[in-house]
Amino acid sequence: MAIIVVDVMLKPEILDPQGNAVAAALPRLGFTFAKSVRQGKRFEIEVEGDPTPAQLAEVEKAAERLLSNPVIETYCVRVEN
Amino acid sequence: MRVGVITFPGTLDDRDAARAVNLSGAQAVSLWHAEADLKAVDAVILPGGFSYGDYLRCGAISRFAPVMELVIEAAGKGMPVLGICNGFQVLCESHLLPGALTRNSDLHFLCRDVEIEITNNETVWTTSFTQGEKITIPLKNGEGSFQCDDETLAQLEDQGRVIARYVGNNPNGSRNLIAGITNERGNVVGLMPHPEHAINELTGPSAQGLGFFTSILQAMVK
Amino acid sequence: MALDTVALAKASPESEQPFAELGLKPDEYARIKEILGRRPTSSELAMYSVMWSEHCSYKSSKVHLKQFGDKAPQSDALLVGIGENAGVVDVGQGYAVTFKIESHNHPSFVEPYQGAATGVGGIVRDILTMGARPVAIMDSLRFGPPDAPDTRRVLPGIVAGVGGYGNCLGLPNIGGEVSFDSSYAGNPLVNALCVGVMKHADIKLAKAAGAGNLVVLFGAKTGGDGIGGVSVLASETFGTSGATKRPSVQVGDPFVEKTLIECSLEIFAEDLVVGIQDLGGAGLSCATSELASGGSGGMKVALDRVPLRDLSLSPEEILMSESQERMCAIVEPEKLPRFLEICAKWDVTVTAIGEVTDGERLEITWNGELIVDVPPRTVAHDGPVYNRPIAQPAYIGEINSKRVDLPIPSNGEQIKAAVLKLAAAPNLADKSWVTSQYDKYVQGNTIQSHPDDSGMVRIDEKTHLGVAISTDANANWSYLNPYQGAKLALAEAARNIATAGARPLAVTNCLNFGSPEDPGVMWQFAETVRGLADGCLEMGLPVTGGNVSFYNQTGSVAILPTPVIGVLGVIQDVRTRTPMSFKTSGLDLYLLGDTYEDLAGSEWAFLHGVRVGQTPKADLAREMRLIELLLDGHKNAIFSAAHDLSQGGLSAGLTEMVLRYGVGAVITLENVGVALLSESPGRVITAIDPSMSQAVEALAVKYAITLTKIGSSGGESLIINGCDISLDELRTAHTSTFPALFG
Chain A
42 MAIIVVDVML KPEILDPQGN AVAAALPRLG FTFAKSVRQG KRFEIEVEGD PTPAQLAEVE
102 KAAERLLSNP VIETYCVRVE N
Chain B
2 MRVGVITFPG TLDDRDAARA VNLSGAQAVS LWHAEADLKA VDAVILPGGF SYGDYLRCGA
62 ISRFAPVMEL VIEAAGKGMP VLGICNGFQV LCESHLLPGA LTRNSDLHFL CRDVEIEITN
122 NETVWTTSFT QGEKITIPLK NGEGSFQCDD ETLAQLEDQG RVIARYVGNN PNGSRNLIAG
182 ITNERGNVVG LMPHPEHAIN ELTGPSAQGL GFFTSILQAM VK
Chain C
410 MALDTVALAK ASPESEQPFA ELGLKPDEYA RIKEILGRRP TSSELAMYSV MWSEHCSYKS
470 SKVHLKQFGD KAPQSDALLV GIGENAGVVD VGQGYAVTFK IESHNHPSFV EPYQGAATGV
530 GGIVRDILTM GARPVAIMDS LRFGPPDAPD TRRVLPGIVA GVGGYGNCLG LPNIGGEVSF
590 DSSYAGNPLV NALCVGVMKH ADIKLAKAAG AGNLVVLFGA KTGGDGIGGV SVLASETFGT
650 SGATKRPSVQ VGDPFVEKTL IECSLEIFAE DLVVGIQDLG GAGLSCATSE LASGGSGGMK
710 VALDRVPLRD LSLSPEEILM SESQERMCAI VEPEKLPRFL EICAKWDVTV TAIGEVTDGE
770 RLEITWNGEL IVDVPPRTVA HDGPVYNRPI AQPAYIGEIN SKRVDLPIPS NGEQIKAAVL
830 KLAAAPNLAD KSWVTSQYDK YVQGNTIQSH PDDSGMVRID EKTHLGVAIS TDANANWSYL
890 NPYQGAKLAL AEAARNIATA GARPLAVTNC LNFGSPEDPG VMWQFAETVR GLADGCLEMG
950 LPVTGGNVSF YNQTGSVAIL PTPVIGVLGV IQDVRTRTPM SFKTSGLDLY LLGDTYEDLA
1010 GSEWAFLHGV RVGQTPKADL AREMRLIELL LDGHKNAIFS AAHDLSQGGL SAGLTEMVLR
1070 YGVGAVITLE NVGVALLSES PGRVITAIDP SMSQAVEALA VKYAITLTKI GSSGGESLII
1130 NGCDISLDEL RTAHTSTFPA LFG
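Chains as they are written, first to last, in the numbering used here: chain A, 42 to 122; chain B, 2 to 223; chain C, 410 to 1152.
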């Protein structure tokens, strides 16, 4: 069994209000390490056995069509065992 | 009788909560999130809204506001605290109340009048109601689905700490139709629907929400 | 990338510039050179191109919109008219109300959620800029066919965006419209209205007066939002490799806007600004040039002081960025410390970027080098003006001469089928699926909202003074006859607030049309403006402002001409408002107004795919008598309920009334089919206690309005000429459509 992980992030040039709010809150709690914060989404897709290249290609398609909004977001597909 | 109403950046229903407090006969006192000062209030309301935009998680950032440190301390000593909607979420994030509020089951923001049943009229915020009284007040939120683990749920039910339940259809997927809960001591109450928007029939569906505000007045006068 | 300075522009007059890519015509470019006496710098070119665009300069519509001024009725109520960010109306007791409606159509098609959200954000800032606290919003939405796949993408996104932004700002949504037509399939319409309240003394204007006063930018940092066009400058003129890709989508942050609103209102309350302008379309280009030309004319700005979200932005891009949630204020130096304190309280970023001068030039520097040196009026107000060719399209003569041929129900079975069909038609069906995603309660002053005839908010808790607003458009009528269509929409909006007992005071409009380069579209536009201006003059209602949106097309086909008209009115005591329906049995139901065979452009015709014939002719004198009748009846507490009739005629009107509070009605009609389906304008259903029958008859005589008793309230059915439709069946038909379509 493997998990295909899809990370979806706002494109770098798109304003990220959620990340900004977190970045502003961190120093208030004494955490001063962050130069900036961006918040994204992570999907974990469970599949039987090792994913085939064809399966990964399908996930890529799904990531583009459903999991992300290509107008404002990018995605990245990887496999975790 | 002074009731504090906290304003966080992004709080929306603070003026409405203050109006309800004043109408019930108490005096509303405005509290600012960044000031570590409770201004000698006898009780505190955390009103609805989208504090800090509700980014990260609803209520997650407000929980660390300077004024909240004092509220958490005072609540531990028995001060009455009512969290409405976003305020309920802040109370959960502060661990003054168990569980969490998650996205509505149909994933939409929902603004609708709902009927709720008062299932515990012994907290300081619910004494004006009769046990089992049904009232109609507005519900308006995107993340109002009350969730907790089975053990916590059993505890809440066994100890009679569910103070209000939705009647009829479940509007948001809350476990056991829970609309509001209290802590063990009964001084801290979280409520998802908005009693401050039901203080007269001109601007709300009923005047039945006033009971929460008259309750606290009675409790403090005693 | 080399910085294009004024000095460089003087030294290199022949340098080629990509003016065409920026949307400027050769003669427009030549005019800029003539104004400046040299070629513009790339920053100046950026400013002129964006400020002289159709969107900002109204170059195709200006010659027509002039009529709103030329034909303006005498009105004591108007405090600030067209030209400022929004018009302001006196509503009595020292209160002033400002309201405006604006389109955000194209962005909402590209990215429905953010497009709609930033549309709400923009109109709210326009209202805030006048010095007012925003108190309510409305949204008028139009989509392609409800069952089209793209509508299922666009509609839920737009509705969530309007709600997501408005709810987070704490503004009640008190009404609007949702309707469908195939012409909007590739071009949905998102028109958002905001209303704000202030005291007379608190009105703020966009002017930069007083040499030495500071130009202060506050709110969100500037990013690369909405500057797709200007990257031409960076890439082509200066050949920079790897310029970052600029997003064409603007992302809104309602939380920042909410803090900006509260922060601004505190600043206004302490009288800390001389002038103020929000940053919307054309961003800093617009704000600096409008503020400067609104004042004495001189301003110096150090552009490198603008706080950036994206440090790679060039000066040209900073000038054109449409990043949301920003404001620009003119502040006296001694008041700056307090200004900064309030911003710090609300965690709002604030920077003084320049100062007002006693010169006549807008001078902008970048790290000390002069990159813009222009007379600000030439940027903000002296843009090109076009008298575009106008020609009545061929379709008009063709469809106007055709007869409307539709099946008209006559027996019980047909009546029932027609009433249920209209109740369930997407254009008329219950819109709760949409409106339940909007907070209507916040602020605690909402008196009326969906599905009432108009939205109404209380503006004073002690005196109970309130305002009511309605937005209306009838694109079917405007298509058949744009002149009449505009007048009829105006009359309907005014009637919709008068039914509650509010007196109409002022008008705003959002004119949505196809390409102005098409003479047929331009004719529709010109006829619409003429109709609206004539109508406003006849009804004595001033136009306080508005918005024009051109280039709304699905492929090569223009949308139906869609002028959305908003009318605002005042009610002295909101507690006395006339509700839209009855809560008790035994009331007499009367129809006010005349019914003719007006089926052209009706919903019944639309449902049968028929779009021919002639619209009714607007009789605005009669409309005004009807409004006076409604106000008189309201004042004397004669009506138990009053409801406007419009799309769907009496059938839809009765459906809405009986379902509002679940009390049925028994109705008897002559010529029942036409009576139910006709959309003759100027009609209202009223419910009155039988003891008031003489009073209502006297009113009808006094105002010369036809009065017909059509039945009475009561029961659990709508019964029309003996045909019994249970409320349950009617409710199911009315409420199932949207959930079935959109989940």
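Keep in mind that a hint or two might mislead.
Heads up, incomplete: computed chain A residues facing chain B, CB under 10 Å, no partners named [what the hints assert, rightly or not]:
1. Gln59
2. Gly60
3. Asn61
4. Ala62
5. Val63
6. Ala65
7. Ala66
8. Gln80
9. Gly81
10. Lys82
11. Val88
Think about it this way: if two alpha-carbon atoms lie no more than 27 Å apart in a straight line, the pair counts; the simulated DSS-like pairs of lysine-lysine are [stated by the list, open to error]:
12. C:Lys480 x C:Lys468
13. C:Lys754 x B:Lys40
14. A:Lys52 x A:Lys102
15. C:Lys825 x C:Lys992
16. B:Lys135 x C:Lys825
17. A:Lys76 x C:Lys630
18. C:Lys630 x A:Lys52
19. C:Lys468 x A:Lys76
20. A:Lys82 x C:Lys630
Keep in mind the hints are simulated off the structure, nothing from the lab. Positions of the beta carbon are idealized from the N, C-alpha and C atoms, including for glycine.
Do the hints match the structure? See the list:
no., hint, in the structure
1, Gln59, "holds, 4 Å"
2, Gly60, "holds, 8 Å"
3, Asn61, "holds, 8 Å"
4, Ala62, "holds, 4 Å"
5, Val63, "holds, 5 Å"
6, Ala65, "holds, 8 Å"
7, Ala66, "holds, 5 Å"
8, Gln80, "holds, 7 Å"
9, Gly81, "violated, 13 Å"
10, Lys82, "violated, 13 Å"
11, Val88, "violated, 25 Å"
12, C:Lys480 x C:Lys468, "holds, 20 Å"
13, C:Lys754 x B:Lys40, "holds, 19 Å"
14, A:Lys52 x A:Lys102, "holds, 18 Å"
15, C:Lys825 x C:Lys992, "holds, 24 Å"
16, B:Lys135 x C:Lys825, "violated, 37 Å"
17, A:Lys76 x C:Lys630, "holds, 15 Å"
18, C:Lys630 x A:Lys52, "holds, 17 Å"
19, C:Lys468 x A:Lys76, "violated, 45 Å"
20, A:Lys82 x C:Lys630, "holds, 24 Å"
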